[in-house]
Amino acid sequence: MVPTRNQILTLGDLEDFKNDMLQEVKRIIKECASGVPGKKWLKSAEVKKLLGISHGFLQSLRDSGVLPFTKIGGSIYYDYEDITYMMSTNKSA
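Okay, so the sequence shown: first residue is -13 according to the working numbering, each after it adds one.
Do not rely on the hints blindly, as some may be mistaken.
Unchecked claim - In silico lysine to aspartate or glutamate, EDC-like type, Cα no more than 20 Å apart, as pairs: (1) K35 to D68; (2) K34 to D68; (3) K26 to D65; (4) K29 to D65.
To be verified - Label pairs and their in silico Cβ distance ranges: (5) R48 to T(-4): 51 to 59 Å; (6) L(-5) to G38: 42 to 50 Å; (7) K12 to S50: 36 to 44 Å; (8) I39 to G59: 21 to 29 Å; (9) S46 to R13: 30 to 38 Å; (10) G(-2) to R48: 50 to 58 Å.
To be clear, the hints were calculated from the coordinates, so they are not data collected in a lab. Note that the coordinates shown come from a computational prediction; the quantities given were computed from them, not determined experimentally. Note that the Cβ used here is the ideal one computed from N, Cα and C, for glycine as well.
With the hints as constraints, model all of the structure from the sequences given.
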């Protein structure tokens, strides 16, 4: 059944909506607290924000082969696991 603007909502409907919203808010809070994005592939802007780096530095990471990427059309995507691997393998003591 497709809901209409004049449809009457029941208390059960509101309870279901509340539970759905709470689950989504909890997921978002958990994602923000962990620092782990909720998706596998990130665009350049997301990677720059995540790492706090400039466009030029991200370009140099690509050019040097330090950070693998996938290009589809005009968009460049980075695997989150590749980013974490790069960060862990380039640690200094």
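For this structure, which hints from the list above don't hold up?
-> Every hint satisfied by this model.
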